[in-house]
Amino acid sequence: MAAKTGRHRLTLSPQARSELETILGARYVTDDPALMSGYAWNTGVGKIPSGDKFTSIWPIAVVLPATTEEVAAVVKCCKRHGLSFRPHSTGYGSMGCVTSPDSICIDLRRMDHLEILPDDRMAVIGPYATANQLQAEARKHGLTCHVVGAGPAHSPLASATSLIGVGITSQFTSANMRNMLAWEWVTPEGEIIRGGSAASDLGWYASDGPGPGTRGLLRGFFGGGGGIGVFTRIGIKLFPINQKGEMQTVGQVPQLRSVLPAHTALLHALFPDYEAQRAATFDLLQDDVCTVLLRMPPNHIGWTLTETNAEFVRRTRDGTLPEPAQLHNGASWTILIASRSAAEHRWRDETVRDIVIRHGGHFAVLQQEEEELLYHNFATSQYVPRVLRASGGITTSFGVLDSFHFLPKAVEMGEMMLAKDSAPGGALCEGSPDEQWIWPHEGRYMWGENIIHFDATSEASRAAGALALIGHFAAQWKDPVGMTGLLVGPIQDVTGPRIGKAPAFARKVKTYFDKDDRSKTKEYVIPNMPPLVEKILPALRPVFSNQMVLRAMSKMLGKNGM
Amino acid sequence: MNDASLPGERLASMDRCTRCSQCKFVPVPKSKAHMSACPSMDFVEFHAGSASGQLIMASGIAHGEFGYTPSMLETVSACTMCGACDTACKVNFAEIVEPLDGLYALRARMVADGQSPKRHREVMDKIAAFGNSQGLPRSDRANWASGLAFLPRADILVHVGSVLSYDTGKHDSLQAIVRTLQQAGLSLAYLGQDEGSCGMLAWDLGYHKQAKALAETFIRQVRQAGARTVVTFSSSAISVYRSIYPRMGIDLSGIRFLHFTEFLLALTAKGLVSLTPSGQYAGGTVAFHDTCKLGRLTEPYQEADRSVTKEMGGIFASRSPQALHFSRNGIYDAPRALLKHMGIEVEELERSREFSYCCGAQGGVKETLPAAAKMAARNRLAELQETESEILVSACGNCAHHLGKHVRAPATVIDLIDILAPNLAPCSSRETGVTATEGAC
Numbered sequence: 001m002a003a004k005t006g007r008h009r010l011t012l013s014p015q016a017r018s019e020l021e022t023i024l025g026a027r028y029v030t031d032d033p034a035l036m037s038g039y040a041w042n043t044g045v046g047k048i049p050s051g052d053k054f055t056s057i058w059p060i061a062v063v064l065p066a067t068t069e070e071v072a073a074v075v076k077c078c079k080r081h082g083l084s085f086r087p088h089s090t091g092y093g094s095m096g097c098v099t100s101p102d103s104i105c106i107d108l109r110r111m112d113h114l115e116i117l118p119d120d121r122m123a124v125i126g127p128y129a130t131a132n133q134l135q136a137e138a139r140k141h142g143l144t145c146h147v148v149g150a151g152p153a154h155s156p157l158a159s160a161t162s163l164i165g166v167g168i169t170s171q172f173t174s175a176n177m178r179n180m181l182a183w184e185w186v187t188p189e190g191e192i193i194r195g196g197s198a199a200s201d202l203g204w205y206a207s208d209g210p211g212p213g214t215r216g217l218l219r220g221f222f223g224g225g226g227g228i229g230v231f232t233r234i235g236i237k238l239f240p241i242n243q244k245g246e247m248q249t250v251g252q253v254p255q256l257r258s259v260l261p262a263h264t265a266l267l268h269a270l271f272p273d274y275e276a277q278r279a280a281t282f283d284l285l286q287d288d289v290c291t292v293l294l295r296m297p298p299n300h301i302g303w304t305l306t307e308t309n310a311e312f313v314r315r316t317r318d319g320t321l322p323e324p325a326q327l328h329n330g331a332s333w334t335i336l337i338a339s340r341s342a343a344e345h346r347w348r349d350e351t352v353r354d355i356v357i358r359h360g361g362h363f364a365v366l367q368q369e370e371e372e373l374l375y376h377n378f379a380t381s382q383y384v385p386r387v388l389r390a391s392g393g394i395t396t397s398f399g400v401l402d403s404f405h406f407l408p409k410a411v412e413m414g415e416m417m418l419a420k421d422s423a424p425g426g427a428l429c430e431g432s433p434d435e436q437w438i439w440p441h442e443g444r445y446m447w448g449e450n451i452i453h454f455d456a457t458s459e460a461s462r463a464a465g466a467l468a469l470i471g472h473f474a475a476q477w478k479d480p481v482g483m484t485g486l487l488v489g490p491i492q493d494v495t496g497p498r499i500g501k502a503p504a505f506a507r508k509v510k511t512y513f514d515k516d517d518r519s520k521t522k523e524y525v526i527p528n529m530p531p532l533v534e535k536i537l538p539a540l541r542p543v544f545s546n547q548m549v550l551r552a553m554s555k556m557l558g559k560n561g562m
Numbered sequence: 001m002n003d004a005s006l007p008g009e010r011l012a013s014m015d016r017c018t019r020c021s022q023c024k025f026v027p028v029p030k031s032k033a034h035m036s037a038c039p040s041m042d043f044v045e046f047h048a049g050s051a052s053g054q055l056i057m058a059s060g061i062a063h064g065e066f067g068y069t070p071s072m073l074e075t076v077s078a079c080t081m082c083g084a085c086d087t088a089c090k091v092n093f094a095e096i097v098e099p100l101d102g103l104y105a106l107r108a109r110m111v112a113d114g115q116s117p118k119r120h121r122e123v124m125d126k127i128a129a130f131g132n133s134q135g136l137p138r139s140d141r142a143n144w145a146s147g148l149a150f151l152p153r154a155d156i157l158v159h160v161g162s163v164l165s166y167d168t169g170k171h172d173s174l175q176a177i178v179r180t181l182q183q184a185g186l187s188l189a190y191l192g193q194d195e196g197s198c199g200m201l202a203w204d205l206g207y208h209k210q211a212k213a214l215a216e217t218f219i220r221q222v223r224q225a226g227a228r229t230v231v232t233f234s235s236s237a238i239s240v241y242r243s244i245y246p247r248m249g250i251d252l253s254g255i256r257f258l259h260f261t262e263f264l265l266a267l268t269a270k271g272l273v274s275l276t277p278s279g280q281y282a283g284g285t286v287a288f289h290d291t292c293k294l295g296r297l298t299e300p301y302q303e304a305d306r307s308v309t310k311e312m313g314g315i316f317a318s319r320s321p322q323a324l325h326f327s328r329n330g331i332y333d334a335p336r337a338l339l340k341h342m343g344i345e346v347e348e349l350e351r352s353r354e355f356s357y358c359c360g361a362q363g364g365v366k367e368t369l370p371a372a373a374k375m376a377a378r379n380r381l382a383e384l385q386e387t388e389s390e391i392l393v394s395a396c397g398n399c400a401h402h403l404g405k406h407v408r409a410p411a412t413v414i415d416l417i418d419i420l421a422p423n424l425a426p427c428s429s430r431e432t433g434v435t436a437t438e439g440a441c
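If you're matching them up, the sequences are chains F and Z in order. So the first sequence is residues 1 to 562, counted in the numbering used here. So the second sequence is residues 1 to 441, counted in the numbering used here.
Hint data in this document are derived by calculation from the structure and do not stem from the laboratory. Do not rely on the hints blindly, as some may be mistaken.
[What the hints assert, rightly or not] Just a few of them, taken from the derived set where beta-carbon distance is under 7 Å, the chain F residues facing chain Z:
{"id": "1", "residue": "G38"}
{"id": "2", "residue": "W41"}
{"id": "3", "residue": "G44"}
{"id": "4", "residue": "G46"}
{"id": "5", "residue": "D52"}
{"id": "6", "residue": "Y92"}
{"id": "7", "residue": "R109"}
{"id": "8", "residue": "Q133"}
{"id": "9", "residue": "A136"}
{"id": "10", "residue": "A153"}
{"id": "11", "residue": "A310"}
{"id": "12", "residue": "P385"}
{"id": "13", "residue": "R386"}
[What the hints assert, rightly or not] If you want the ones that stay clear, here's a sample from chain F, every Cβ over 10 Å from chain Z, calculated:
{"id": "14", "residue": "P33"}
{"id": "15", "residue": "T214"}
{"id": "16", "residue": "H359"}
Glycine included, each C-beta is placed from N, C-alpha and C at the ideal position.
Looking at chain F on its own, in the form it has when it is part of the complex (with noise of 0.2 Å):
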């Protein structure tokens, strides 16, 4: 087993250590605390860290492993000496942070296979083809990748099995939860499945062979945060764009633009208000005319078109920010209409027009450069991560995956939570009254993330930004905006019955495969949770809702971190 030592961190037995070099190699194997220390960094999407970023809880162990054979030794090895573990890949946003420290972390960095098949619009990727690489290889073929908004530095593999998977471009893109295909899977007893065609050794082009399907049993809807075992390989899905090569960037660093192709056009329509913006919505839907639609809140779209904080922050005092970045300007379309052929293009470009006339909304003007830069971050998501620009803190809200019809409301809702606090003087950074990032997915249902910008320096700002962020489900719970897309770990089990015994079900799955719960998580499910407990979490509702409770809660939050 394992010394402890202080700050919840334990050592590694010689025996484990032994068996793990000789699977791996020492170079491989680390215990180093220093080695150890970016994989207990708490920071990025997500989370609130306390007065310094390093978690309480730190990994036992971080190995490297090449291949999957060498993932599934590690995992059995982990099972002979009583450790768990946790797969990390880019580990953006900490997400790759072990929750026990007992646990192993599985640094997936080797193995970045990454193989094209442009014939099946698809590729075959290991957890470290990050989606720069991917979209890179991609565009060799006139394809692309669906890229988070974890940046271009995400693991798609990782994004389509573990982590929701959601990010700008879904509307032509889909999104990662449905874009995985085959799979190869080590199970937290450390077995090597396949599944879909490659079941079948007949490639990857198939999510699910003969039978009942697995990808969602396996990812559930949010994913498998890492609870349910190491995905190794899958395919991808792939979309076709209409330009092949690289991308013409232009410009300096930071502002990186891109040159707008042949029968492409950026185009921003600022609606007078969100009933109309949610009508106009659904026509543009509807004529399937848009390749990418996309709400920012004003002001991120200022920090997209500001080289720094200090011009954003200057801009915006002196109002010179475009139309687009100013706060009353929230009711509005990014779109992009990327076309085949001319013809085609001044059908999308007119049809767009009237549309978006037609429901009382007009076209900012935009700058060429301004235009090249929305057009870079549209075809590559490079300046989303700029959400962290600001105060270097952020966290998310309940997201909403729904119809449309729920635009407004979102919005309404995102006002509720924010804009006391985002208003100047407010325990927040100032901001846009809701902070909505909101987009289609595939022509049909609207996602929305109500982003929270806090202070991470200030524990009062900290403690608001966790306010902000569980009284986003407090309210969810009392009115419902839709179905709630971030609903992670416990959160799920105080949701209860509203979302189908959902909890309940994948609880099943993951006692199946992982019964003494070696695969360690917090963003999965709660396992062996005893019935009584599953039925009474539900009723806990009023409490967790009382302001009373949640401004305690946020408080110890603010403090302790999350």
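Add chain Z to chain F, keeping to what the hints say.
What follows is chain Z alone, placed relative to chain F:
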């Protein structure tokens, strides 16, 4: 190292790292094979090898989470201080993290805490004893200039640098170029055996006091020589002159620093020297390796209030955004223009200009962790395979030497001075109507 041993602003910047991993990648990679921005990460592989990992380690030490460990010191030693992380990070994070300044601070604190790796200390001992990191005798430093005559005082001081001074294979080219300048009527001074280390390596290793002492010595020598212009053949030197000396608070007034590529280009434009089409290479294509020191790290440092202030409830805004480094103003165009003058087309590598990948020769890695330096060189040379060129040109003697050591036939690495030397010729003032003094100054 305790909390107080890192300036509060710098520690705060380190603590703002979001571990997004963008410091590991060039911002817009063109292929999977060449997407990495970080030779150190490629070698170490654990997150600690990246800029983010190093900042987190520095933060951990400062916050008392752990103490220095041998693995940490080895990991830090793998970093070439090439600054590619800084460029990549700033695409999204602009003023809030500034990784390169964090890396400078980390190494300085390691020295202050007596934790500088043994091999770094050995390098510093050689610099102190011999004026170069290789431990070669001062008496050989000026061998390249045998037969050339320099003035004790002149408007222009030639600086050669430690690598080229001792690289006997480059002495003919150096001689030829300097002789041409003299034939063009330029009066040149040279410090000879008194030329020492420029201080760049000392700075990179975290020995900032020693680097400052070296800088002060050099500037005193420049003033004693009466020089108003320093022309250097060293990319490390031009980098330290423009981006590091100003940080040290040294009085540089009245002295202009030029890299030899800028100087020759200016002389060519003014008609003092001419470049003829290269017999061997004209009409051909070469790939060009942007040295990190000559490129992104030569961006001039501006004296300014470099702190951030909290605005709008917690938005960190630079007090001097105009002084932020974005790798924009390095020397990228002059070497390319010289090649063009000689009829040579330049084919860009996938990672070029401010996104160039370090070859491993800098930051003390070559001297102290040869395996890491070799891997970086091999990674860089692999990029040549994506081009039509078999020739990689560098305007840095250090890079050319290091890459040349690891290149495999049929590819070759050529130092720009070896292409320039046979094709550079003086123009007489009767032809141009420009005097040497007018032309040079």
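Comparing the hints with the structure gives:
The interface hint given for F/G38 is met, as the beta carbon of that residue sits about 3 Å from the closest beta carbon of chain Z, less than 7 Å. With 7 Å as the threshold, the beta carbon of F/W41 comes within range of chain Z, its nearest partner Cβ sitting at about 5 Å, so the hint holds. The beta carbon of F/G44 is positioned within 7 Å of a beta carbon in chain Z (closest approach about 5 Å), and the interface hint is therefore held. Of the supplied interface hints, the one on F/G46 is violated, with its beta-carbon coming no nearer than about 11 Å to a beta-carbon of chain Z, more than 7 Å.
The restraint placing F/D52 at the interface with chain Z holds, with a minimum CB-CB distance near 5 Å, inside the 7 Å limit. Below 7 Å, beta-carbon pairs count as interface contacts, and F/Y92 has one with chain Z at about 5 Å; its hint therefore holds. Taken as an interface hint, F/R109 checks out: its beta carbon lies about 6 Å from the nearest beta carbon of chain Z, inside 7 Å. With a cut of 7 Å, the hint placing F/Q133 at the interface with chain Z holds, because the nearest CB-to-CB distance is about 4 Å.
Contact between F/A136 and chain Z, as hinted, is supported at the beta carbon level, the nearest pair being about 5 Å apart and thus within 7 Å. Of the supplied interface hints, the one on F/A153 holds, with its beta-carbon coming within about 4 Å of a beta-carbon of chain Z, less than 7 Å. For F/A310, the interface hint holds, since its Cβ comes within 7 Å of a Cβ in chain Z; the closest pair sits about 4 Å apart. Hint status for F/P385: holds, given a least beta-carbon distance of 5 Å to chain Z, under 7 Å.
Checking F/R386 against chain Z: minimum C-beta separation of about 5 Å stays under 7 Å; hint holds. Against the 10 Å criterion, F/P33 falls within the reach of chain Z, whose nearest CB is about 4 Å from its own CB. At roughly 29 Å from the closest C-beta of chain Z, the C-beta of F/T214 stays outside 10 Å, upholding its exclusion from the interface. Non-interface call for F/H359 relative to chain Z: holds, since the shortest CB-CB distance, roughly 33 Å, exceeds 10 Å.
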